[in-house]
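Protein chains: 2
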Amino acid sequence: MSEAVKVIGTRFSAFSHRAEVALRLKGVPYELIAEDLDNKSELLLRSNPVHGGKVPVLLHSDRAIPESLVIIEYVDEAFAGPPILPMDPHDRAAARFWAEFLDPKHLWRQLWLALWAADADARRRFREEAKTSLALLEAELGDRRFFAGDGIGYFDVAASGLAYWLAAMEEVAGVSIMADDEFPGLCRWAKEYTASETVKGCLPDWDELVAGYAASTEKFKLVAQQGL
Amino acid sequence: MSEAVKVIGTRFSAFSHRAEVALRLKGVPYELIAEDLDNKSELLLRSNPVHGGKVPVLLHSDRAIPESLVIIEYVDEAFAGPPILPMDPHDRAAARFWAEFLDPKHLWRQLWLALWAADADARRRFREEAKTSLALLEAELGDRRFFAGDGIGYFDVAASGLAYWLAAMEEVAGVSIMADDEFPGLCRWAKEYTASETVKGCLPDWDELVAGYAASTEKFKLVAQQGL
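Each protein sequence line maps, in turn, to chains A and B. Residue numbers for the first sequence follow the working numbering, so the first one is 900 and each next one is one higher. Residue numbers for the second sequence follow the working numbering, so the first one is 900 and each next one is one higher.
Certain hints may be false.
Which copy is meant is left open, because identical chains are indistinguishable; a pair holds if it fits in one copy or across any two.
Only pairs whose alpha carbons sit at most 25 Å apart, straight line, appear in this in silico DSS-like list of lysine-lysine [claimed, not checked]:
{"id": "1", "residue 1": "905", "residue 2": "1030"}
{"id": "2", "residue 1": "1120", "residue 2": "939"}
{"id": "3", "residue 1": "1120", "residue 2": "1030"}
{"id": "4", "residue 1": "905", "residue 2": "925"}
{"id": "5", "residue 1": "1030", "residue 2": "953"}
{"id": "6", "residue 1": "1004", "residue 2": "1118"}
{"id": "7", "residue 1": "925", "residue 2": "1004"}
{"id": "8", "residue 1": "1120", "residue 2": "925"}
Hint data in this document are derived by calculation from the structure and do not stem from the laboratory. Because the structure is a prediction, the values reported are computed rather than measured.
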């Protein structure tokens, strides 16, 4: 039985990033198996058959664990090191509640349609919806450095897509959603998050990310058209 | 600070049932505040403002915890009593993975559209999709009495909608999805689950449930039309 830890994923995906940064917070060495989502590997399809080879998948002790939020909890429970989730049951519930709020079917759906919907009216409508959601997160963050307090915790990792990947999509789509003047707290948090040594080591290069997204806009628009 | 435990919910909702049965598995006394979802109470709207007064909400120590899966984990962590989630990190990850699979946006979306979509072709297509998903759960269950083994655990609670509420909807819609001959394991599990003393105490009366659903079919169809 192999004890090696591997992440099947891509640095172009904020969901995949969740798995990497969870392992880094715990100090667990791992290998990233970089995946081309336009040409998925046999390993990925075999490791996440239920969801058609969605990334990320964590491989540990010859077992495959899909779903990024499930992976963060698994990493927190299976490895020693500083806790990622809060200790208090109520704080844990709150962190899990807000992580669900970011779901691809909720906030990320609003963001995606605000960026990539074909219809300009729909884009505007979803931008307003997304901003209403972001305002809730802005209030939840308050004056804290990170959602978890002084250091990065579960919800910071869950929300990491807002800290970097969203801005790259905004640049490519030419749409501004999480702007400095409207969401100063979230934008400050995004800077703190991406400046962290733990995080920096697994961020994709900005220019490559923007170029990758620019090359994928037709695919993104198709996903938006299908309603996600 | 009140230590009283209350569930804002309705026995017509399998999601609400998850909260009740989690508390019962732990032996925690609680009060059910029955909610009329066509005429939501101020208390519910105030307790779950983010999701527009969705049930269930758990009230404990003057704090409100929404989202049924978050509630199960909270109850498991905040109260003594037999554990609801498995102990092994990998088993916990697997239980959480399958619980996500049941999500209103995944299996329950397939089921809902199989039952309530306006278009007969769409109903047939989603029935096939739902059956493919149920076949995965049938395989996951295998020969075990419950998903968690000899006793009811996290995923059994998460899946409880399949054990009782789905059959009532099938009866009202005149659609058969989780039939005995196709899913003998799941149907045996459903009988075991609903026969458990813990569960029986918080099941809605069958005739009332069917009558309630029959009175709500127009609403159900509207939700299906909006794509959930």
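Results for each hint:
1. 905 - 1030: Answer is neither: 36 Å inside a copy and 33 Å across each miss the 25 Å cutoff.
2. 1120 - 939: within (20 Å within a copy, 37 Å between copies)
3. 1120 - 1030: Close inside one copy (20 Å), not across copies (30 Å); limit 25 Å.
4. 905 - 925: The answer is within: 14 Å in one copy meets 25 Å, while 37 Å across copies does not.
5. 1030 - 953: This pair counts as between: shortest inter-copy Cα distance 21 Å, intra-copy 27 Å.
6. 1004 - 1118: both (18 Å within a copy, 22 Å between copies)
7. 925 - 1004: neither (29 Å within a copy, 32 Å between copies)
8. 1120 - 925: Intra 37 Å, inter 47 Å, cutoff 25 Å: neither.
Hint violations for this structure: numbers 1, 7, 8, all remaining hints satisfied.
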